[in-house]
Structure formats: structure tokens, C-alpha cells
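Enquirer: Residue strings, one per chain:
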Amino acid sequence: MSAPILELKELDVFYGPIQALKKVSMHINEGETVSLIGANGAGKSTLLMSIFGQPRAASGQILYRGTDITRKSPHFIASNGIAQSPEGRRVFPDMTVEENLMMGTIPIGDKHASEDMQRMYELFPRLKERRSQRAMTMSGGEQQMLAIARALMSRPKLLLLDEPSLGLAPIVVKQIFATLRELAQSGMTIFLVEQNANHALKLSDRAYVMVNGEIRMTGTGQELLVNEDVRNAYLGGH
Amino acid sequence: MSAANSASSGFDIKRSLIETIVAGLLALIVFGPVVGVVLDGYTFNAEPARVAWLVGAVMVGRFVLSLFFQSGTGQRMLQGFDSGGSGVHVLAPDYKSRLRYIIPALIVIAIVFPIFANKYLLTVVILGLIYVLLGLGLNIVVGLAGLLDLGYVAFYAIGAYGLALGYQYLGLGFWTVLPLAALAAALAGCILGFPVLRMHGDYLAIVTLGFGEIIRLVLNNWLSFTGGPNGMPAPSPTFFGLEFGRRAKDGGVPFHEFFGLDYNPNVKFLFIYIVLFLVVLAVLYIKHRLTRMPVGRAWEALREDEIACRSMGLNHVLVKLSAFTLGASTAGLAGVFFATYQGFVNPSSFTFFESALILAIVVLGGMGSTVGVVIAAFVLTVAPELLRSFSEYRVLLFGVLMVLMMIWRPRGLIRISRTGVVPRKGVAP
Ligand SMILES: Nc1ncnc2c1ncn2[C@@H]1O[C@H](COP(=O)(O)OP(=O)(O)O)[C@@H](O)[C@H]1O
Ligand SMILES: [Mg+2]
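For the record, the sequence lines run as chains A and B. Per the UniProt record's numbering, the first sequence starts with residue 1, numbered consecutively. Per the UniProt record's numbering, the second sequence starts with residue 1, numbered consecutively.
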């Protein structure tokens, strides 16, 4: 296996007196798709945001391609190859698809903007049809595609996705995951946070299970898919 | 709503009658106590006839309106209201704005205007331009960055008192203070901004409101330094050191003698007008450039979704602070012009009503729209001046305008329209 692109070492994160992450250690290798599954409130979004330094880790270390980024500014992190699509999509409602994509270039500047926009339209043909439509008037699935595409506009080496399936119809979730698979096959390293464990595990090379701010279990996607505990807790016992 | 309207073809008298009765009842509740009861010493008289007239008028009016909205023209008008719709109107990137004709026309008018204007008209227009500056500044803060600042007048006061105090204690003139006041106001914006900008919406509004009042109260009560409610004098501008008064101080040569002209008190205002106009043009240009630069985009992004901005690593505090500071410095400039134009400043010019007026300009102009703000500034400041005899009803006029706006143009007089962003030339089809 290749070297880890991202490594978390014993990360502790607090919201005031409440400890949201407890000694979380994990790693993501270059080119891998890794997912983090867990119930609502387990601390998944917190983990993703603390990679961006919001909130800051109280102790522990975040290494990105060998560099310690634990104390780096969010801007530094965003402009050095980590992008995220936040929970709940968060597209800019009053802006068009094209303008949303342009916003995605803020971390790196718009040198490659038109070229990258073309790539996004190839990856998400739906967005091309809607390029001058305002984001708020689009369906949830389209907004999710836009949020992912916007994140990709900063040419990330590592893409962080927070619950891309949230609130979407099953058929739309399928489409989104098909696109993610395509993206992964093109060599993108993806770290996926999901409650939809079934889809996430099928897509992932490896996965972590988080309970109450701690990593409880880890293994390949296949291993966890057939694991009794995981099936009972996160896959509705199917 | 429009679906329900279009479903009913022809006139629905029953519906109109119901609407009429409801309006009548509401009018009775509202006007009954206000109009129907007149205090007379320690007793009061009931005046049912006056109430009856008012309620009658409301009911007739509502009935006519109701019938009108069921007619073809009325239907079309209603649809017009609805299509005011929400959001920013995005233009095609290659859209040629009508502004390319309007702006040169306005500049020509502005140059020709003083030739025909008398002193009174000149002062009214100067006041209008001062409010244009204020509107443009607050527009950055509220319209673009989405930060509700209710104490904006504080920065205006800092500019105005900057000139008066600088003159009194340091002997500084208009030209020295102009940039300094912009800096001082920007600094004040920064100082206020740092603690405040981590707050959101309502909290920000209340803290800025408090800040505005604090500045006014300090000016009002620090008698030994600011002269308190009596105010203090502010100097007139000079033209390369030449003064515009009848006689120059300290034995200097006044403007009119230097150029061998007859003394004309209007020249001072003409000069203020010209300088102010150039400053407004400069601010307009800077703002135009900024909205197309990354920082302008960041302001709008922040207004639309703060969390999304943070997920892109944008430093939201810095972005907000830049908007706040820039807005404040514009108000500082406006303050200097106001002080020199009045020749005098006192705290009563910087009450909350001023903040509300400037906010009204921004809202009326359409949040974020430059042209709208310019028009609204003139409508709200020049119109009350020209309608002097109605000046008591100024606030009523604002109220009516606001209500009409909310019905007719909920997104402002001129909708924000942004020319769609296109990436640089390349492979785009
Ligand atoms: N901004 C915040 N302030 C305080 N507590 C928070 C904040 N965000 C999340 N939490 C708490 O941290 C815990 C983890 O939340 P989160 O990371 O959002 O979980 P998940 O994404 O797995 O649903 C929850 O108990 C939540 O209430
Ligand atoms: Mg979450």
C-alpha cells in the first residue's frame, strides 16, 4: 500500500467542556476510499471539520502528506489540496451553478477555472444543463452534485464528504454513489462520512466505525458489511 | 396565490363583499380608539361619526380594489407583484447594461447642473450626494456582506467630528482631515468589528445599535471637549490654500480676490459639490471593482452561507471585517463633507433616526444594488426638502414608501442583478 495522505494521531476535540472526539487515530492512504460510519451525534462531522481546524484539536496530531497541519489555518489547508463538501450541501442559494463553481476556486484562484468547470460538467452532466439556474431552485440531488463539484474545483488531492446521501431519495443516492465510484476510479482519494452504511461500505476500500467520539471498529468495507454488530447497529439487520 | 386568482374568471362579488367586511372590521378596531375617542380635559368625548366616515371610506376603497384585482388589468398587476420573486437576478455574462448610457448621461447632467442651480438647490443636492455616500457604504456592509449594522451613524459622526475637533485642537483643514477621517472611521470599524463580528444577525444589530448611541452620548456629554449639545464649528474647504470666505483669516488672500472675481457665497458650495461629486464617483468606481474581485465574491458568499465559506477555508472574520471597515471609512468621508457643508456639527445630527434613514436607503434601493441606492438616497433626502410644506409628514412618507415597497418590490427598487461570472477565456463552449 502507498503512504498515508492523511494521518490522525490520538486526536482529542472539545466543544467547551464536552469531549466530542476521544483519542481518534486513523489514516487514509493515497488513492483509497475510506468511510466513517456511525450514528447521529457520534462525532463524524466534528472529525471532518477538525481536519480543517474548526474546531481545533486540543491534543493529538494531524499529518497531511507528512506535514503537521494540526495548527494550520483553514485557508492553508484548503489551498493545499484538501477540500470538503459540508453536511447539508450548503450551496450558495442565490448564485447560479456556474457561480457556485467559481466560488469553489477561491482557495486556489481561478487560473484553471474554465478547464475545471468543463471537467465538472463531464462528471455531472446534469449540472451542465442547469449551469445558469440558481442553486436554490434545484432539487436536493442536483444541489448535492453541485456541492461535490464545488469542492472539486479547488483541485483537491483529498476530498472530504459529509453525508452526501442526507435527505435524498434512494434512486438519487444511487446516482450520487455511482459518480463517487467513478471519481474514486479516476484516482481521487475520498474520505466519506455517512450514516447510510450500506452504500458507504460497498463503495469503500476501508472503513471506520465511530461510537460516541471513539473509533470502535475498523476493517475493509467487505469485512464490515458482513460483521454481525455492524449489521445490527447500522444496516437495520438486513 | 396567483393560481387561486386566475381560477376565478369574471367577478366574484361574494368574495369582494367578504373582503370588504373584513377590512371594515379591521378599520374599526384600528381607528375606533384612535379617532373615535377625543380627550377633553379629564373627560373624553366619543366621536362615532368620524369613525363611521373612516371605516366607510376603507370599506368602499377595499371593495373597489377587490373588484379591480379581479379585472384583467388588476390580474396582470398582481402577477407583476408575484414575479418580483426572490433572489438575485442573474444576467447573462455578455449582457450590455443600460448603465453604459445612464452613467455618462448622469455625469453630463451633474456637470451642467450647477450652472442653472441656485444656492438652495445646490445645498439640497450636496445633501443628497452625502446620503449617496452613506448609502453606498452601508450597502457594502448590509447589502453585500449581509451584516445588519444599526449604528452606522457612529462612523458618520466620527468623520464629522473629526473635522470639527481636528480644526479646533490641531488646526487641521478639510483636505488633511478628509483622508484622516476615513482612516479614523475605518479604525473605529475595526475596533468595533473584532469583538462583534463573531456574532450573528440580531446580536450584531443590537451591539451596533448600542455603539451608535454610545458615540452620540459621548459627543453630547463631553462638554469640555466637544461642546456638548451646543456643537462646534467646522471649517470650510480651501482651494489650494485659498479660502472661500469674504475675508481670509490671518491676512491671507481669499479665493475671489486671488482670481479677481466678485465675492459670491455660492462658490463655497459649488466647490464642495464638485469635490463631493468626484469622491462619489471614485467610491462608485472602487465599489464596482471590488464586487468583481475575490473579496467582493467572498462578501456575497458569506452573506449567502457562512458554513459553506468556512468549509472552503475562507476566514469569515477577516472577510466581514473588510466589509465593515470599508463601509465605515465611506461614512467617515461623508461625515467630513457634512461638517464642512454645515459649517457646524452637533450631536443631534447623529441620532438613531439617521441610521434608520440610511438603512431605509439601502433597503429601498435593493440590497446590494448600486444604482438603486443612488436613486433611493435622492428620493429619501431630496424629496422631503423639496416638499418642505409636508416636512412634518416625512416619517409618514417613509412608512408609506416602505409598505409599498414590500408589496410591490420586496427585493428593492432595483433588483440586484449580477452579471454572471464567466471563467477566463479558454475551452468554455
Ligand atoms: N458547534 C457545536 N457546539 C457544541 N457541541 C457540538 C457542536 N457541534 C456538534 N456538537 C456536539 O458534538 C457531538 C458530535 O456531533 P457531530 O459531529 O455533528 O455528530 P455527527 O456528525 O456524527 O452526527 C454531538 O453531541 C453534538 O451535539
Ligand atoms: Mg454530522
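Any given hint could turn out to be false.
[What the hints assert, rightly or not] Derived coverage of chain B by chain A (criterion: at least 3 residues anywhere in the stretch with Cβ under 8 Å from a Cβ of chain A; other residues may be distant):
#1 201 to 212
#2 257 to 270
[Unchecked claim] Pair by pair, the computed Cβ-Cβ distance ranges are:
#3 B:M199 <-> A:R71: 21 to 31 Å
#4 B:I102 <-> A:G109: 46 to 56 Å
#5 A:D12 <-> B:G399: 50 to 60 Å
#6 A:K111 <-> B:L278: 29 to 39 Å
#7 B:M199 <-> A:Y15: 14 to 24 Å
#8 A:T137 <-> B:R289: 22 to 32 Å
FYI, nobody ran anything at the bench for these hints, they're computed from the structure. All C-beta atoms in this analysis are idealised placements derived from N, C-alpha and C, irrespective of residue type, glycine included.
Enquirer: Look at each hint and say if it fits the structure.
Expert: Against the structure, the hints come out as follows:
no. : hint                          : result
1   : 201 to 212                    : violated (count 0)
2   : 257 to 270                    : violated (count 0)
3   : B:M199 <-> A:R71: 21 to 31 Å  : holds, 26 Å
4   : B:I102 <-> A:G109: 46 to 56 Å : violated, 33 Å
5   : A:D12 <-> B:G399: 50 to 60 Å  : holds, 56 Å
6   : A:K111 <-> B:L278: 29 to 39 Å : holds, 36 Å
7   : B:M199 <-> A:Y15: 14 to 24 Å  : holds, 18 Å
8   : A:T137 <-> B:R289: 22 to 32 Å : holds, 30 Å
In terms of the numbered hints stated before, the structure departs from hints 1, 2, 4, listed from lowest to highest.
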